[in-house]
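Trainee: Read top to bottom, the protein sequences are chains A and B. The numbers in full-length UniProt numbering rise by one with no breaks, and the one at position 494 of the first sequence is 494. The numbers in full-length UniProt numbering rise by one with no breaks, and the one at position 22 of the second sequence is 22.
Some clues are possibly wrong.
Partial chain B-side listing against chain A, Cβ under 7 Å, derived [what the hints assert, rightly or not]:
# : residue
1 : GLU30
2 : ALA45
3 : ALA61
Only pairs whose alpha carbons sit at most 30 Å apart, straight line, appear in this in silico DSSO-like list of lysine-lysine [claimed, not checked]:
# : chain 1 : residue 1 : chain 2 : residue 2
4 : A       : LYS241    : B       : LYS64
5 : B       : LYS76     : A       : LYS478
6 : A       : LYS131    : B       : LYS2
7 : A       : LYS42     : A       : LYS478
8 : B       : LYS48     : A       : LYS230
Please keep in mind that the hints were generated in silico from the structure rather than gathered at the bench. By construction, the Cβ of each residue, glycine as well, lies at the ideal position given by its N, Cα and C atoms.
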Amino acid sequence: MTGKQINVALIGNPNTGKTSVFNQLTGLNQKVGNYPGITVEKKEGVCKLPRGLKAHILDLPGTYSLNASSLDENVVIELLLNKNDKDYPDVAVVVSDVENLKRNLLLFTQIKDLGIPTILVINMADRMERKGISLDVDILEERLNTKIALVSARKRTGIDKLKELIINHRNISSEPCVNASVIDPDYFGNLRKAFPKQSIYKLWLVITQDVNFGNINRNEIDKTSGFNTKSNSELKRLQQKETIHRYQFINGALKEALSVDKNAAKDLRSRLDRVLTHKVWGYVIFFAILLLIFQAIYDWSSYPMDLIDSTFASLSELTKANLPEGVFTSLIAEGIVPGLGGIVIFIPQIAFLFLFISILEETGYMSRVVFLMDRIMRRFGLSGKSVVPLVSGTACAIPAVMATRNIENWKERLITILVVPFTTCSARLPVYLIIIALVIPDETFLGFNLQGLMLMFLYLLGFGTAILSAWILNGILKIKNKSYFVIEMPNYKVPLLKNIGINVIEKTKSFVFGAGKIILAISIILWVLASYGPGDNFNNAEEIVRGNYTEQSIPTEEIEQEIASYKLKHSYIGIMGRGIEPVVAPLGYDWKIGIAIISSFAAREVFVGTLATIYSVGSDEEETIKNRMAAETNPILGGPLFTLASGVSLLLFYAFAMQCMSTLAIVQKETNSWKWPILQLVIMSVFAYLVALIAFQFLK
Amino acid sequence: MKVTVAHLKRGERGIIKEFSADHVPLKLLEMGCLPGNEVELVQTAPFKDPMYLNINGSHLAIRKETALQIEIELIK
Numbered sequence: 001m002t003g004k005q006i007n008v009a010l011i012g013n014p015n016t017g018k019t020s021v022f023n024q025l026t027g028l029n030q031k032v033g034n035y036p037g038i039t040v041e042k043k044e045g046v047c048k049l050p051r052g053l054k055a056h057i058l059d060l061p062g063t064y065s066l067n068a069s070s071l072d073e074n075v076v077i078e079l080l081l082n083k084n085d086k087d088y089p090d091v092a093v094v095v096s097d098v099e100n101l102k103r104n105l106l107l108f109t110q111i112k113d114l115g116i117p118t119i120l121v122i123n124m125a126d127r128m129e130r131k132g133i134s135l136d137v138d139i140l141e142e143r144l145n146t147k148i149a150l151v152s153a154r155k156r157t158g159i160d161k162l163k164e165l166i167i168n169h170r171n172i173s174s175e176p177c178v179n180a181s182v183i184d185p186d187y188f189g190n191l192r193k194a195f196p197k198q199s200i201y202k203l204w205l206v207i208t209q210d211v212n213f214g215n216i217n218r219n220e221i222d223k224t225s226g227f228n229t230k231s232n233s234e235l236k237r238l239q240q241k242e243t244i245h246r247y248q249f250i251n252g253a254l255k256e257a258l259s260v261d262k263n264a265a266k267d268l269r270s271r272l273d274r275v276l277t278h279k280v281w282g283y284v285i286f287f288a289i290l291l292l293i294f295q296a297i298y299d300w301s302s303y304p305m306d307l308i309d310s311t312f313a314s315l316s317e318l319t320k321a322n323l324p325e326g327v328f329t330s331l332i333a334e335g336i337v338p339g340l341g342g343i344v345i346f347i348p349q350i351a352f353l354f355l356f357i358s359i360l361e362e363t364g365y366m367s368r369v370v371f372l373m374d375r376i377m378r379r380f381g382l383s384g385k386s387v388v389p390l391v392s393g394t395a396c397a398i399p400a401v402m403a404t405r406n407i408e409n410w411k412e413r414l415i416t417i418l419v420v421p422f423t424t425c426s427a428r429l430p431v432y433l434i435i436i437a438l439v440i441p442d443e444t445f446l447g448f449n450l451q452g453l454m455l456m457f458l459y460l461l462g463f464g465t466a467i468l469s470a471w472i473l474n475g476i477l478k479i480k481n482k483s484y485f486v487i488e489m490p491n492y493k494v495p496l497l498k499n500i501g502i503n504v505i506e507k508t509k510s511f512v513f514g515a516g517k518i519i520l521a522i523s524i525i526l527w528v529l530a531s532y533g534p535g536d537n538f539n540n541a542e543e544i545v546r547g548n549y550t551e552q553s554i555p556t557e558e559i560e561q562e563i564a565s566y567k568l569k570h571s572y573i574g575i576m577g578r579g580i581e582p583v584v585a586p587l588g589y590d591w592k593i594g595i596a597i598i599s600s601f602a603a604r605e606v607f608v609g610t611l612a613t614i615y616s617v618g619s620d621e622e623e624t625i626k627n628r629m630a631a632e633t634n635p636i637l638g639g640p641l642f643t644l645a646s647g648v649s650l651l652l653f654y655a656f657a658m659q660c661m662s663t664l665a666i667v668q669k670e671t672n673s674w675k676w677p678i679l680q681l682v683i684m685s686v687f688a689y690l691v692a693l694i695a696f697q698f699l700k
Numbered sequence: 001m002k003v004t005v006a007h008l009k010r011g012e013r014g015i016i017k018e019f020s021a022d023h024v025p026l027k028l029l030e031m032g033c034l035p036g037n038e039v040e041l042v043q044t045a046p047f048k049d050p051m052y053l054n055i056n057g058s059h060l061a062i063r064k065e066t067a068l069q070i071e072i073e074l075i076k
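Isolated chain B, as found in the complex:
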């Protein structure tokens, strides 16, 4: 199964791998969500949606449906 940002638990981190250009908004890339960058799950709202992330020092929140599109490699 592919691991995405939506699979992170609170405090867990991962490295962003490739993602499909059509499903991830440009604005997210501009805010630092790029392949190779580190992502950490800071906090979630109830039902894990939206998700509050720290991507390479940029703090932002996205919905779970978007988080499901961003493939990552977990950092143990």
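Chain A with its partners taken away, still in its complex shape:
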């Protein structure tokens, strides 16, 4: 054998423990990226095999069959149809769950029919005895014409056997096991005549699937004379026949190989389901879990967040104190370090959220939530499957939009994508916290802290607006579609620590690097715009200001502050800010807030950092920014700038406005159109402006 890596594609139904097998094969030796041009996660890793060999393992998205109904599933077919792809597998490993073997084998037969050598992994083998399952592996290997590895990813058994099979992949038969063409011999016969060189099953997949596939084009097949094309509904009927035909084959293969003693199954599932999907207790438990999650995100994570905050503040001071004074140092101390701090500070919240979501998914509980919520959500044009994105949205809209992918119904999915940005994401939190601290008195009302109540109100407002706008969109959007909804209710499982750990680390990493780049770029641009300006007013700021203070009694500190603020006013950012002041003045803001709002359209969390930069505080220390903000006066009305009226107006603006470039980018990708993100941007922002305007004019 050459030193070339063996290309392995890991394929399987959802909930078969495919990811656990992947983690066992690769350990931490894996990386997560995206498939080119789409946002489907691409997980790959390297597996060390005995005798110095290596395998490149690609963990393909979970799918029930090769009949794709989502972007994620398309990826699987496109790879398996394209022999020229660099990831095209030398051997496919289909992971199945011993308890759902029959259903899992459907996908196996399809992969095998593509002529790819296919190993069957039967996972969760440790549960066989408890579930009264007995399996004759030899007979099954013979019937399916393949090699089987009995694996328990949880107990770490059978992995060595699997590695051995991967090494010897050349001995595995690549003969198809089901002859799909018997479902319509005439049609397939004609197809074979028209394309004698192509594999018949591949052609069939190209005809029935909406996928891109290198050298065969669907339209080309339709145009080729010599056989009659079929209507969509005829094709669908044939697909059903194919499925039934495959199940007949599977039933035959399993008849002798598999037996299940139903009495042996001690059913944990039904006992748990009786409580967790109960018409009353099911909801009570779900809301208790939600409360726990919010508690974790907003209370427990405040400790590490405070620590990060103060660390970055002192880091900034440290840079200033130890590096030689100059442009470069102040870029680092005032631009880059606070900018980085603005990213890192979200890590605890994001990590907590992903921790809970992956526990809920790993245990199988998430499907129960979908089941419980579907009816309620449908009333608003959403799906039970919208619950996961709406909950994830409280951390960040980006993963939330991606989490809508398993919603089968396009209209429900689109509405979910459109309303998710209303939920209070963690980027809004710093803005809320500082404004609330400024304008809402720290008093108690009926035993509740007023500031806390305001924060809770803002969260409810976010959810409420999301649900309400979904209801409106449901009425407006005229999208015809066949609504259907199928969700697997998997077995309950104790989550594997390793799976969860890897998941949390990967998700957090991709958030930090994704959002991080933007925040960092913005903070550098802002710093430059605030540090430079055109003309004499900016360059001679010091003389001009000093000229106004001839008396000696003024303390130097005050003069220096005066100079700084004069400079800022005449910097590029100051000029831009005063240009937009007429637009934001009716909402009760001055030009500095205007700038902070504009820069927030890149990412909301920039708000506090922008004000920090603009107020030339130099560090991100909240107390100082807060004091500076409290001291600001309103340029038009006089009096303090931050009053109840302008504060509430600002809070409402941030609650409704679509201020996040990354979210718009992901919406564009997921909807494959510019129409939706642009509508989102315009409608949400205009609405935010009007609400803020009314609030200010009413309260002032």
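Using the hints, position chain B against chain A.
Mentor: Here is chain B on its own, set in the frame of chain A:
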């Protein structure tokens, strides 16, 4: 009256008969919802929608509108 999956009570079982191809998604067939297979109603959400089924060992939930399309023969 034709009996469908939507008419099952909790714990009741039936055998799937024919159903119209245009109203039942392929994904449901792939998950084992095929003529001749046994179906049991495990649990329902309020208003009997969605319905949590055990079809031949496959556990899944579907909406009532889909359940109404799948004709069955009750097992007494």
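Trainee: Hints first: check each against the structure and report whether it holds.
Mentor: We went through each hint and held it up to the structure:
1. Interface restraint check: GLU30 of chain B against chain A, minimum CB-CB distance 5 Å, threshold 7 Å, status holds.
2. A distance limit of 7 Å between C-beta atoms decides the matter here; for ALA45 of chain B the minimum to chain A is near 6 Å, and the interface restraint holds.
3. Because the smallest distance between the Cβ of ALA61 of chain B and any Cβ of chain A comes to about 5 Å, under 7 Å, the interface hint for this residue holds.
4. For the suggested pair LYS241 of chain A and LYS64 of chain B, the alpha carbons sit about 24 Å apart, so the restraint of at most 30 Å is met.
5. Proximity of LYS76 of chain B to LYS478 of chain A is assessed by CA-CA distance (about 44 Å); at most 30 Å being required, the pair is judged violated.
6. At roughly 36 Å between alpha-carbon atoms, LYS131 of chain A and LYS2 of chain B are farther apart than 30 Å, so this suggested pair is violated.
7. This hinted pair does not check out: LYS42 of chain A and LYS478 of chain A have alpha carbons roughly 34 Å apart, beyond 30 Å.
8. Between LYS48 of chain B and LYS230 of chain A the CA atoms are separated by roughly 38 Å; this puts the pair beyond 30 Å, and the hint is violated.
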